[in-house]
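J.: The listed protein sequences correspond, in order, to chains L and R.
Positions in the first sequence are counted from 1; adding 55 to them yields this note's numbering.
Positions in the second sequence are counted from 1; adding 1 to them yields this note's numbering.
Don't read these hints as lab results, they were simulated from the structure.
Using N, Cα and C, we set each Cβ at its ideal position, and we do this for glycine too.
Certain hints may be false.
[What the hints assert, rightly or not] Not everything, but these chain L residues come out facing chain R in the computed CB check (under 7 Å):
id	residue
1	P102
2	D113
3	V116
4	S117
5	Y119
6	R137
7	K165
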Amino acid sequence: MKTHARTTVSVIFSIIFACTVPLVGQPSPDDAKSAQKFSVSSIQIQPMDPGDVPIPPDFAVSVYENLIVQVQKTGKFQHVYRSGDKAAADATDLVTLRTIAQSFNKGSQKKREVTTVAGATSITLKVQITDHTGQMLVDRDVQGKVRFFGENLRATYDFSKKVATIVRDTTF
Amino acid sequence: MSLRNTVAKWSIWARGLLLLIVSAPFFFFSAAPARSKTSDATQPVPTVVEPNAKLVIGGEAIKNNSMGTLSVVGSSLQFATKKATVDVPATTILDIFTNEDSRQDITGAAKVVTMAIPYGGGRVLSLFSHGVDVLTLEFTDANGGFHGVIYVLPQGQAAPIKKQLVAMGAKASVPLEEAAQTNK
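Make a model of the complete structure from these sequences and hints.
T.: Below, the structure written as structure tokens:
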């Protein structure tokens with residue numbers, strides 16, 4: 056009786072083993088999906104070019120750092136390189152994201168919260184994404200603002216969220 | 002009698018000598034940690050320390066808007082929270098900016114509560130704010146990657162840190178004196 060049970064278990068086990076082994080070698084649907092996902096695998100983000108617009112340095116830094124985080128969050132690129140990163144030189148299918156200041160209005164958190172209608176902070180930047188040959192893939196003006204509540208720097212977060220949406224919707 | 006006195010004196014001397022011989026190693030070993038303490042003293046001691054600093058953005062390992070201690074340790078600017086520490090060597094700093102700003106006295110959950118105050122009481126509370134210093138750094142990592150970090154410090158605390166960092170080799174496009182004048 057015992058021997059019979061053992062034989063049954065070993066047969067079931069070998070059937071399961073035989074079924075699963077060929078699957079191990081095949082790429083999983085997730086792998087295939089990620090392979091399709093990264094038609095362009097790398098992006099490099101440049102610091103904001105203030106141009107002639109007097110933008111405080113903390114806003115410029117905040118735009119850059121927020122862009123890095125938000126573009127990473129899109130999951131569209133295997134590598135998000137910072138400006139100047141030596142590793143980006145090896146990437147063959149690199150696209151570059153540049154931001155150029157168009158207008159800036161530093162509002163006031165106090166005014167916003169006291170009056171509701173006044174004191175909005177807004178920042179408008181030209182967003183350009185070019186491929187490795189220099190061909191323009193995206194060229195748009197994007198505005199980030201904080202209208203009611205929150206600190207002035209939150210306008211840069213709003214801006215980078217909008218840029219991340221553009222990056223997500225763009226086919227590279 | 003005198004012989005007995007002499008013997009007693011000698012025995013006291015002998016005991017003293019024995020005590021000295023026995024205790025000498027203890028003196029020697031107890032001196033050793035003192036030397037190591039001296040060597041500890043040669044380790045970098047923070048020269049400028051600001052315990053109420055807020056990292057607004059740019060701390061890779063540290064979450065945005067974390068409170069911590071900002072200090073100049075050795076030749077680096079260090080921001081430490083209970084969980085993590087971020088070091089920026091002064092020589093990697095490309096630019097330092099200081100400017101003044103103001104922050105609301107009531108923030109976070111308390112801010113939401115104030116919205117419920119009738120007759121615009123919450124708006125009145127928004128009038129209360131305090132001055133702060135904003136310290137912005139631009140620096141590069143080991144790969145040459147460009148980074149930026151923003152700290153908010155109590156008023157008047159950014160200038161000493163900038164001064165110290167510039168003295169240690171950090172670059173600053175706006176000299177400290179000029180920055181102080183523009184802040185006024």
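J.: Work down the list of hints and note, for each, if the structure agrees.
T.: So, going through the hints one by one against the coordinates:
1. P102: Result: holds, 6 Å to nearest chain R Cβ.
2. D113: Result: holds, 5 Å to nearest chain R Cβ.
3. V116: holds, 3 Å
4. S117: It holds, given that the least Cβ distance between S117 of chain L and chain R is near 6 Å, below 7 Å.
5. Y119: holds, 6 Å
6. R137: Interface hint status for R137 of chain L: holds (4 Å vs cutoff 7 Å).
7. K165: holds, 6 Å
Of the numbered hints stated above, none is contradicted by the structure.
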